[in-house]
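Chemist: So you can see what is in the structure, the chains are spelled out below.
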Amino acid sequence: MQALDFVTAPNLALVVLALAVIGYIIGRVRAVAASKGDPSSLHSRPGYHAAFVFIWTGLPALVVLAAWVVLQPFYVEPKGYEVFPKSVMESTTQPADLKMDVVKSIAKALEDFSPEQREKLVLGFRDIESALDRAGVAVAEIDQSYMPRAAQVIFETRQSLKPIMAAVVLGLAVIGFIFSIAVVSRRMRARNRVETAVRGMLIIASSIAILTTFGIVFALIFDTIRFFSVVPFQDFLFGLTWDPTFQGADEEGHSVDSRGFGFVPLIFGTVYISFIALLVAVPIGLFSAIYMAEFATPRFRSIAKPVLEVLAGVPTIVYGFFALVTVGPALAEFFTNTLGLEAQGRSVLTAGIVMGIMIIPFVSSLSDDIITAVPQSLRDASLGLGATKAETVRIVLLPAALPGIMAAVLLAASRAIGETMIVVLAAGATAQITANPLEAMTTITVTIVNLLKADTDFTSPQALSAYALGITLFVVTLVMNVYALRIVRKYREQYE
Amino acid sequence: MTDMTTTAAAAAAPATDPNAVGYKMTARNVDVYYGETRAIKDVSIDILDRTVTAFIGPSGCGKSTFLRCLNRMNDTIDICRVTGEIKLDGGDIYDRSVDPVQLRARVGMVFQKPNPFPKSIYDNVAYGPRIHGLTRNKADLDEIIEMSLRRAAMWDEVKDRLDEPGTGLSGGQQQRLCIARAIATSPEVLLMDEPASALDPIATSKIEELIDELRQNFSIVIVTHSMQQAARVSQKTAFFHLGNLVEFDDTSKIFTNPSEERTQDYISGRFG
Numbered sequence: 000m001q002a003l004d005f006v007t008a009p010n011l012a013l014v015v016l017a018l019a020v021i022g023y024i025i026g027r028v029r030a031v032a033a034s035k036g037d038p039s040s041l042h043s044r045p046g047y048h049a050a051f052v053f054i055w056t057g058l059p060a061l062v063v064l065a066a067w068v069v070l071q072p073f074y075v076e077p078k079g080y081e082v083f084p085k086s087v088m089e090s091t092t093q094p095a096d097l098k099m100d101v102v103k104s105i106a107k108a109l110e111d112f113s114p115e116q117r118e119k120l121v122l123g124f125r126d127i128e129s130a131l132d133r134a135g136v137a138v139a140e141i142d143q144s145y146m147p148r149a150a151q152v153i154f155e156t157r158q159s160l161k162p163i164m165a166a167v168v169l170g171l172a173v174i175g176f177i178f179s180i181a182v183v184s185r186r187m188r189a190r191n192r193v194e195t196a197v198r199g200m201l202i203i204a205s206s207i208a209i210l211t212t213f214g215i216v217f218a219l220i221f222d223t224i225r226f227f228s229v230v231p232f233q234d235f236l237f238g239l240t241w242d243p244t245f246q247g248a249d250e251e252g253h254s255v256d257s258r259g260f261g262f263v264p265l266i267f268g269t270v271y272i273s274f275i276a277l278l279v280a281v282p283i284g285l286f287s288a289i290y291m292a293e294f295a296t297p298r299f300r301s302i303a304k305p306v307l308e309v310l311a312g313v314p315t316i317v318y319g320f321f322a323l324v325t326v327g328p329a330l331a332e333f334f335t336n337t338l339g340l341e342a343q344g345r346s347v348l349t350a351g352i353v354m355g356i357m358i359i360p361f362v363s364s365l366s367d368d369i370i371t372a373v374p375q376s377l378r379d380a381s382l383g384l385g386a387t388k389a390e391t392v393r394i395v396l397l398p399a400a401l402p403g404i405m406a407a408v409l410l411a412a413s414r415a416i417g418e419t420m421i422v423v424l425a426a427g428a429t430a431q432i433t434a435n436p437l438e439a440m441t442t443i444t445v446t447i448v449n450l451l452k453a454d455t456d457f458t459s460p461q462a463l464s465a466y467a468l469g470i471t472l473f474v475v476t477l478v479m480n481v482y483a484l485r486i487v488r489k490y491r492e493q494y495e
Numbered sequence: 000m001t002d003m004t005t006t007a008a009a010a011a012a013p014a015t016d017p018n019a020v021g022y023k024m025t026a027r028n029v030d031v032y033y034g035e036t037r038a039i040k041d042v043s044i045d046i047l048d049r050t051v052t053a054f055i056g057p058s059g060c061g062k063s064t065f066l067r068c069l070n071r072m073n074d075t076i077d078i079c080r081v082t083g084e085i086k087l088d089g090g091d092i093y094d095r096s097v098d099p100v101q102l103r104a105r106v107g108m109v110f111q112k113p114n115p116f117p118k119s120i121y122d123n124v125a126y127g128p129r130i131h132g133l134t135r136n137k138a139d140l141d142e143i144i145e146m147s148l149r150r151a152a153m154w155d156e157v158k159d160r161l162d163e164p165g166t167g168l169s170g171g172q173q174q175r176l177c178i179a180r181a182i183a184t185s186p187e188v189l190l191m192d193e194p195a196s197a198l199d200p201i202a203t204s205k206i207e208e209l210i211d212e213l214r215q216n217f218s219i220v221i222v223t224h225s226m227q228q229a230a231r232v233s234q235k236t237a238f239f240h241l242g243n244l245v246e247f248d249d250t251s252k253i254f255t256n257p258s259e260e261r262t263q264d265y266i267s268g269r270f271g
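Listed in order, the protein sequences are those of chains P and S.
Per numbering that gives the first Met the number 0, the first sequence starts with residue 0, numbered consecutively.
Per numbering that gives the first Met the number 0, the second sequence starts with residue 0, numbered consecutively.
Calculated directly from the structure, the hints in this document are not laboratory data.
Wrong hints could be hidden among the right ones.
Footprint (simulated), chain S over chain P, 3 or more residues, beta carbon under 8 Å [unchecked claim]: (1) 372-378; (2) 386-397.
Label pairs and their calculated CB-CB ranges [what the hints assert, rightly or not]: (3) S:Ser-96 to P:Ile-283: 33 to 39 Å; (4) P:Gln-375 to S:Glu-260: 37 to 43 Å; (5) S:Glu-84 to P:Val-317: 55 to 61 Å; (6) P:Asn-336 to S:Arg-105: 58 to 64 Å; (7) S:Lys-137 to P:Ala-311: 44 to 50 Å; (8) P:Gly-312 to S:Gly-90: 52 to 58 Å; (9) P:Val-317 to S:Thr-75: 52 to 58 Å; (10) S:Thr-82 to P:Phe-320: 57 to 63 Å; (11) P:Gln-375 to S:Glu-84: 26 to 32 Å; (12) P:Ala-303 to S:Asp-199: 41 to 47 Å.
To give a feel for the contact side, a few chain P residues facing chain S, derived at Cβ under 10 Å [said to hold, decoys possible]: (13) Ile-266; (14) Thr-296; (15) Pro-297; (16) Ser-381; (17) Gly-383.
Glycine is no exception: its CB is placed at the ideal position from the N, C-alpha and C atoms.
Work out the full structure: start from the sequences and follow the hints.
Modeler: Take a look at the structure:
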């Protein structure tokens, strides 16, 4: 049993890595020896031979180990479920997988227990309650009737798999070690093989980001489909009222009035606030980009550009705070006292203006890069014909840079649409459709926050609607980004 | 014919033309500095009207820099400083009262790489007339466009596709479009900075023919790397070396019987 306690995935990984490091050193030494004092006689330099041994020793073993860790639950958990009573398996109110989480935490605790303690658990766990508590198991949730037995089953299955896992992983490492050291020779093309392996790793690294995108869609799509099985698609898409009632849901969560799930007020609020934000950000951002790209001295530009970009790094909660405490009251004061209009601190206008300030750097920095990228030859041509700098900017540079500027604006817009914190604090949470920018309004993102922070159970239509909103938001911003990037690419080709 | 403006020139003038052709531009004791570096050293030269003047010399000799002084394109470079005197029709172009923008309308420029705007052929040629307000109505403008394109010997090639982008033309056509664009503002002097160096031999010969024809109406200054080209198109040749104007004379004399040894070495291919 002592030996089995040592066999854990991290420990195995460490042993494999240690072996790989030893392999690295031996590989290097052997490569140097094979050169017989003439380094140029080796096809690959000793470092490549060393890396070759390192990769062959470490990589296959670690990949198998990682796969094992990921796949093991699919073998172990069914064995645990076999012990579960039928009533638990079929319950709809409390899913069996929540019970399994408790069982697994007991099984985990068992690994640290002495054989006597394990004995006691199966008989009745009262005596070792404190020991379980120390191990982080929520003792109150343990159902005596089947959980200890299920935990025991899972524990034993895991223990029985350990020697096999150790044998496979260490075996692979040792085989790789011996093989790769044996093939070290003058002619061996270690460099090419190491480069192939490195290329593979680079491909994996770059595909992780892509896979994550698919993962997000995958995670949202099932709950979205469940939502649309409760609330009809057209009621969601075209409904003019957002007022999900939180009382109506029964045990099954199916009797909610679907008319309260109208999506239109939310998208209206989102678009309206983003529109005001762009109204602020596009002129300011574009003019500052023109100034920095064409008129400012290099000295001014080298200072002003990074400072402007700092705006993009300010946490959005700080902007929200700024909106709530400073801009909101100031605007309300101005409209109420000076213009005699009815106004409050939380309004579309407050959120829009502050959000506009936040996205200025997105517009200005990208536009600046794009205007600067217009070839100098076009500026020369225009100036050489006797045009002024302003004419050159207006007639030649801006039209040439327009597609890129459009892309910058689209990226800024998708940023504005996805923005949450500013709106939470500055725009209120009233879902309504009105053209008055002094009214409070809400957006998709704020609604998602409110739905999910309410800590209801995640199967109610209210919670499910958050997924539908999330995927809508995701699709809208994805389309805008893809479109923006396509414009940028087309524009780049024009000059190359 | 433009009025004769020989002014203070005669004494320092490297050579004088016996023909009754006037001086269009005169430069006296011109120095150009890039920061601390002296790129042009004490250059004096006379550019004749209705004549092609070629600037030759090895790379980095300052011929392009000097060319860009003639329409103050060097003003767009912050660290560049010009001293001395350059006159156009007797008026100092570096005088405080002169607006470089107006000067460049009188002294047009064609660049080494064809650089049409990403606009239609028509808009490319119309650019100068429009910004300078040279025309009163569309018919006037159409006329200028046609005349400019005809002078650039490309009217027949493009008359049916004036609304297609200028960037879609071939390299040689693009360069002739740039020449048409430059002459549409009716300049008096046309500066050309290696106008054929990015073109193939056939396109080059078309440009050279064009330059020869344009000589009827303009004073042309051309910078070139190719000595054969200078010999073919120019009547006057100036040889620059290390920022100095080594020799300036009739093209036929420079290429057959130069008075300076450095010129002889350069044209016979001994260096550069």
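Chemist: Hint by hint, which ones does the structure fall short of?
Modeler: 9, 13
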